[in-house]
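Q: Make one complex out of these two single chains by using the hints.
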Amino acid sequence: MRTLLLLLALTAPALAGEAPSVPVKTYTLDNGLTVLLSHDDRLPVVAVEMRYLVGSAHEPKGRSGFAHLFEHLMFQGSKSFDDEYFKPFEPIGAAVNGTTNTDRTNYYERVPANYLELALWMESDRMSGLLDVLTQEKLDNQRDVVKNERRQRYENTPYGMVWKYLARDMYPEGHPYQHTTIGSHKDLTAASLDDVKAFFRQYYVPANAILTIVGDFDEDEAELLVAQYFGAMPAGKRAPTPTAELPVLAAPKHLTSTDDVKLPRVYLAWHSPALYSADDAALDVLSSILTDGKTSRLYQPLVYDKKVAKDVSAFQASRHLGSLYVVVATGAPGQTVDALAKALEDALAEALSTPPTEDEMTRALNGWRKGFFGQVESVLSRAQMLSNYLHFTGDADFLEDDLARYTDLKAADVHAAAQKWLVPGRRVRIDIVPGPQEQEVDE
Amino acid sequence: MSRAVTRVVGLLALALTLAACGAKPPPPVDRSGLPAPKADPGWAPPAVETWTLANGMEVWFLRQAQAPLLSLQIIFPGGASADPQGKAGLTSLVADMLDEGAAGRTSLQISEDLQRLATDYGASAATDGLVVSMDLLADKLSESLAILKNILRSPDFPAEEFERRKAQRIAAALADEAEPGTAASLTLRRALFGEGYGGMSPGGIRDTLQGLTLADVKAQYAAVVQPAGARIVVVGDADRDAVQQALQATFGDWQGQPSAPLAVVAGAQPPAAIHLVNFPGSTQSVVQVARRIPGTIAADDQLATDVFNWTIGGAFTSRLNLNLREDKGYTYGARSGFNRWRQAGFFSLGARVKADTTRASIDEIQKELADVTGARPVTDQERGEAVGGMLLGFPGDFERMASVAGQLTALVLDGHPSDYLQHWPARMAAVTTADANAMAKKYAHGDFVIVVVGDKAALLPTLESLGLPVIEHDGQGNLLPAAPPTAPPAEPPVQQAAR
Chain G
1 MRTLLLLLAL TAPALAGEAP SVPVKTYTLD NGLTVLLSHD DRLPVVAVEM RYLVGSAHEP
61 KGRSGFAHLF EHLMFQGSKS FDDEYFKPFE PIGAAVNGTT NTDRTNYYER VPANYLELAL
121 WMESDRMSGL LDVLTQEKLD NQRDVVKNER RQRYENTPYG MVWKYLARDM YPEGHPYQHT
181 TIGSHKDLTA ASLDDVKAFF RQYYVPANAI LTIVGDFDED EAELLVAQYF GAMPAGKRAP
241 TPTAELPVLA APKHLTSTDD VKLPRVYLAW HSPALYSADD AALDVLSSIL TDGKTSRLYQ
301 PLVYDKKVAK DVSAFQASRH LGSLYVVVAT GAPGQTVDAL AKALEDALAE ALSTPPTEDE
361 MTRALNGWRK GFFGQVESVL SRAQMLSNYL HFTGDADFLE DDLARYTDLK AADVHAAAQK
421 WLVPGRRVRI DIVPGPQEQE VDE
Chain P
1 MSRAVTRVVG LLALALTLAA CGAKPPPPVD RSGLPAPKAD PGWAPPAVET WTLANGMEVW
61 FLRQAQAPLL SLQIIFPGGA SADPQGKAGL TSLVADMLDE GAAGRTSLQI SEDLQRLATD
121 YGASAATDGL VVSMDLLADK LSESLAILKN ILRSPDFPAE EFERRKAQRI AAALADEAEP
181 GTAASLTLRR ALFGEGYGGM SPGGIRDTLQ GLTLADVKAQ YAAVVQPAGA RIVVVGDADR
241 DAVQQALQAT FGDWQGQPSA PLAVVAGAQP PAAIHLVNFP GSTQSVVQVA RRIPGTIAAD
301 DQLATDVFNW TIGGAFTSRL NLNLREDKGY TYGARSGFNR WRQAGFFSLG ARVKADTTRA
361 SIDEIQKELA DVTGARPVTD QERGEAVGGM LLGFPGDFER MASVAGQLTA LVLDGHPSDY
421 LQHWPARMAA VTTADANAMA KKYAHGDFVI VVVGDKAALL PTLESLGLPV IEHDGQGNLL
481 PAAPPTAPPA EPPVQQAAR
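So the sequence lines, in the order shown, correspond to chains G and P. First residue of the first sequence? That's 1 in our numbering, and the numbers climb one at a time after it. First residue of the second sequence? That's 1 in our numbering, and the numbers climb one at a time after it.
Same shape as in the complex, but just chain P (with noise of 0.2 Å):
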């Protein structure tokens, strides 16, 4: 009875309201069923301006006038795919120290330089490419400029500048192994890679960041941020004149090649192995089943692989998450993601899960992989939820400069041309049921390898029973020595009962 009132007293509101501000009554809301969308408004992504400076490199331009600001990134190839073998980090520390002192003006006064600007400056090497960015007002691109023409042509080098940042970063990477998740995704590079292409951090570990020198430093400077074949990202609120004469006046006359060699592929796909990183004491475990898979560069399959992606672990919506979260209640969240550089990717399915859900929580995702190969393929509905998902959402890509310039420099780093995003909701529509299918019969078997980073005294028991050789690796993702046979435990494992 209490809701009839309120819905009368409702009602009478409502008419209130109309009748106040002389509308017509709005028709009553159906909730048969969801309402229908109007018509599609249609959009089509902005074309992507390019042209050649006199030197060869190549500038990416999009005129985004939504806010008076400009995002810049410069490609330099190679990125941490150019370390030497047992010097991952090399690259990264170069990227560190560009604006520890250029052209005479010193770390400190670059930094306020900047700062008067209100310019961000950042730099750091992702496994294909060195990128180095800034983040300004429009109408401080030619100060801007300047400064960073001094930083990547002109940089200084000082000795007492090297040992700081390279102290700085073992020591980012030593804070960095407290970090259960840092922890899985070194060891799963590690486990899947070894110390090939695409094996190491991006960012180094300790072990290879010590033996780092400042001869490695120059050399390696010399050997990567060279103008030909780098290329250049410009999205904001600028003229395309002003941009092109800004960027030819500060690089056009800088010639080089650049001749770090890059690292190769090691191997074949792993055997299937539980590769174990010991926390102690953790309330939680990560997890991460894994395997290889090609890259960027010899797949033709990415789009298809997008959408299978979706449906497994993709979406909050996906079947991986709506099993080990929202019907176990095993993690905050669980995803899956095929991550591809250049020459090599991995796919992978994972959760941070309660500690006593670790067994099954592997137990879930690879019935997942048998599932969708086997008995419950990628449906028409999934298929059709996916493509519209990722088509209709396109839009919403482009709002933030710094984002539209990051999805232009993920282009470049993965080697795709510069119309990519203009054909690309045509592929991405064209991509059928069976073409997802097609992905989980090519991806979602063979052999998986199986990270865990969690108390291994209370795991093992439950982990060994999954009859692979377990493998144990160090927060930096280094292979432990052999551990002796542990003892039995004093009883057997508990397992949580799934809901």
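Looking at chain G on its own, in the form it has when it is part of the complex (with noise of 0.2 Å):
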């Protein structure tokens, strides 16, 4: 039995100042796969997400990166086309890729609007026909591969292992947060083949998939298809969510690391309400008011006026558990890493002692404003604007309560959202100075 949960209609060609519009229907198949369909025929292009609603937060202990590994496994071929996934992808111009983050695995493909079909006989080949070819020689290669992608992108990127310390030393033993999506060597180099069929028999089932087609294609025909390709697939079920309390810092934490950089670099983070709850977005735009622009109250006193930093930045890391609120400041060639954090936790302090003036909520949502449009040009952004709304909120149809998440915030909320989060005595700091890069000892 299909239901058809919603269907908007398209309203009026968005103007300056006004929400751009993204119609989306959204149904079941009897199965438990979701389907979200948005059309637009603007360009001959369609793109197709397949959303896994499985992430790094799932894995047993002594799994950390295994999600990760996982998705890499998907693009080693399946039942009806053991080969590499880009292959029929790349000569037809089409952008191909997935990511794994805490709360999600996606894949997706931009086609050419007349190659939707093979777009969906290839996700479903892989989601009903994974197991069948896979071999512990393609789980080897990709483990080896993944491994690279942590030397690249954590270990041989300045700064970049702080992602992992921010994990182990936010989070309490045991929080499904606690490790990166990365994962560490020790228990990638632990993954069996025999974790990659289990892993797969629980969480890539159509229960557990939100399928979404956004672009230039025949809705009718397009449910057709879906019903066809993924319409016969066995339910499985929808994977429980990994619950966990917003963890409560007792005391605030101080810690150092050594990395191969040239600056020194200070982190100060704390726990921060999730993604798309209450405060989330005020937080977002605090961040704007914090070191947007050069009168931003962190830049101008750290990097204009005072020039003890090369940079300041600071962002809401919003997930689905529970976010973190972190301000990052990069210290000017000749500042020792203590006159630095001093100079930002007093910055801080004085940004955090006043509501924003209208002035600022005006600059800061402007560009809020004008960011909903960007995140709605092209069809692959807009389809996992659609899946994230559906997966976190229920409700795909969310792009105008978002946009009014932020259109509606006042200076007083900004500030309060402020004063109840960003408390002094719950933050860790964490230092990054310059000396050969801190060895890891368990891995």
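Honestly, the hints are just simulated from the structure, not real lab data. Quick caveat: nothing in here was measured; it's all calculated off a predicted structure. Hints may be right or wrong, so weigh each one.
[To be verified] For the chain P half of the interface with chain G, some residues (derived, Cβ under 10 Å), not all of them: (1) Ala67; (2) Ile170; (3) Trp310; (4) Arg352; (5) Leu392; (6) Ala402.
For every residue, glycine included, the Cβ atom is placed at its ideal position computed from N, Cα and C.
A: Listed below in structure tokens is the structure:
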């Protein structure tokens, strides 16, 4: 039985200052596969995103990095096409990739409009027939590739290891976010073919997936193709989302690590509200007020006036089970890390002591409003946006509400959120100072 | 047996689905081969409109109405290639300084003025042009242009802002020296082109930035940021007449000729050698194998090299990536590219590889080069995949306004005409397998320089056995004085066996 949840008509063409509009139809196949369709024929391209509701937060102890390693294996061939997944796509100019984060794994293809069926054929073949052709050799090869990805993006990128330290030092033992999505060498080495099979059977099932199609396609035809390619698959079960309370630090922590860098850097981090929950958008806007533009409340004192910092940034790293609010400053040449940290803490205390002015709010919100138009320019980013909305809010038609999360904010809301979450006694400070990169003892 | 059961259950579910919505049962999935595409809907890139302002500035305009946004870029010819000898980074510093105070508005005021409009402003020096860009809401064009007019025509260049921006650029250059990919890129350019055209980073390095003065910046501004020969690219949701009027009002009465001499390409292709940057303790090495190629002005073979490159290392399924990543597991990704500026360019193949596979990776890159010029030339199938991939992927390049504007700006920088994109599909379709193989014969041999960024102590024995001179550079790409002979390693180097 097909459930038609929602069908939104196109509103008038968006004007500057108004919200962009992305019509979406949501329905669910009998086997639980959720389908999102959003038509737009400005260009003859169509995006297909297949999202599995599993990320690194689902990984058991001793298997950090597994969800991402698994993602790589999904490109190594399936029952009826046992070859590189990219092979049929590159000759048609498709954009193809997959990404894994703490909360989900997604796979996407942007193909010429007349190749929609190819993308559905390929996605459904690996969803149903990955294990038929999986081999130890493929696992070993992609394990090596992923270890090289870790070397490239973490070990041999300046300050790259800080993501591991933040995960380790912000979360208690056993928290789903206590390890990184890339994982450790030791756990990657331990991953077995049996692990892969069990993971696939548990998580890579229609009931645990969202299929999103955006772009130039015929809706009736797309529905028929989706039913044809995915409707006959056994449902499986929707995997439970890991649960975790937002940790509360009893006391501030201060850690220092060395890395192959030229300049010291200070990270200040707090636990903050989850993606789309109350205060999440207020903290995004706070980031603009702290570090966007030369007169922002941290940039001006630290970089422009006193010149103790080379750069400063602040961001709400929003995630499903709880976010991190992070402030980062890199020292100017000749600055000690302690002088930098002192200046940063002082500037931050000053910045948070008063609400944003009306002009600060206008500038920040104008930027966010414009950003929403940029977010809907491409079919791929629209597809990811819609599935994100459905996955984390339960409503794919959330764009208008999402924009309103920002445009409805008042200066007092931003100030209150900052006061509530950026408490000095509950922050972790991590210093990265020049020196040989700290050895990883357990991996 | 369990599979048979789930199959039946699945079919039952499908039947229920169809019964519920009353549709005809879909045909069963045919897994015997990949599905054929539907008819090609056909698509041609939109035409670029051009006109000239009263002062001679040429405008390229492409209307794209999918969102109420505009992307505007102005290209002043010369760019980093107009940096005087020994002053690499000067034109970049001019770009930095344009919005640091103009027509009496201070740096901080301009920053806030732009933010109120939600206009993103940027300026930077590419090798062949200084590019100023604005991404804005379409209804903020005249207000944004009023700011841009001040920035471009009446910059104040306050001394304290100069000192700050210079210090920031030096700090950024210093920070970059710890980034292995940047160190490889700086060294590659220097190894191929010395301190001539293309040899120095457009942003400069610490050594060249230190000496720059405010007088240098003012003189370089006067020599580079002039309307004669400059081009304006506008893409987005606006009416041609409105754009024309707004640009005419902003720039129509601006006069002036650029006068900066351009750097020339130094000497000839250097001899084969290994150029090493020491990153002690690195668990990975950056490897780049590269040689010079002609620039966009002289070259008439760019599309043929695009096809050849796709096969050898441009695509994920290229020979290089399938070898180094998908077969050997040495790297997260291996790629090649034909990188061209106006006067010169380079063909490079490379990857960031696990430290103990550095030598093996170099060997495999050289083997791919030898194979494609010998036993394994580009096949008809490979040529078809490359041409198809580039042609069919073309419409997808027109989704985002800033990226469309970026494509047009690249055409300007390379010296191509405004109708280039209209003719590009037919020209690409005409590239033959023989054309691609001619490019292999032309470019996949000769003296290649090999750049390696990694742990010198661990790598040197395996590199020296290549029989090429080893030349050391620092993280800025500067040559280091020749090192005394190293002691032989206590044990023979370990080679990781290929699987």
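Q: Now tell me, hint by hint, if it's right for this structure.
A: So, going through the hints one by one against the coordinates:
1. Of the supplied interface hints, the one on Ala67(P) holds, with its beta-carbon coming within about 5 Å of a beta-carbon of chain G, less than 10 Å.
2. For Ile170(P), the interface hint holds, the least distance from its beta-carbon to any beta-carbon of chain G being 7 Å, beneath 10 Å.
3. A cut of 10 Å between beta carbons decides the hint on Trp310(P): the least distance to chain G is about 8 Å, and the hint holds.
4. For Arg352(P), the suggested interface contact is upheld, since its CB lies about 5 Å from the closest CB of chain G, less than 10 Å.
5. Hint status for Leu392(P): holds, given a least beta-carbon distance of 4 Å to chain G, under 10 Å.
6. With a cut of 10 Å, the hint placing Ala402(P) at the interface with chain G holds, because the nearest CB-to-CB distance is about 8 Å.
Of the numbered hints stated above, none is contradicted by the structure.
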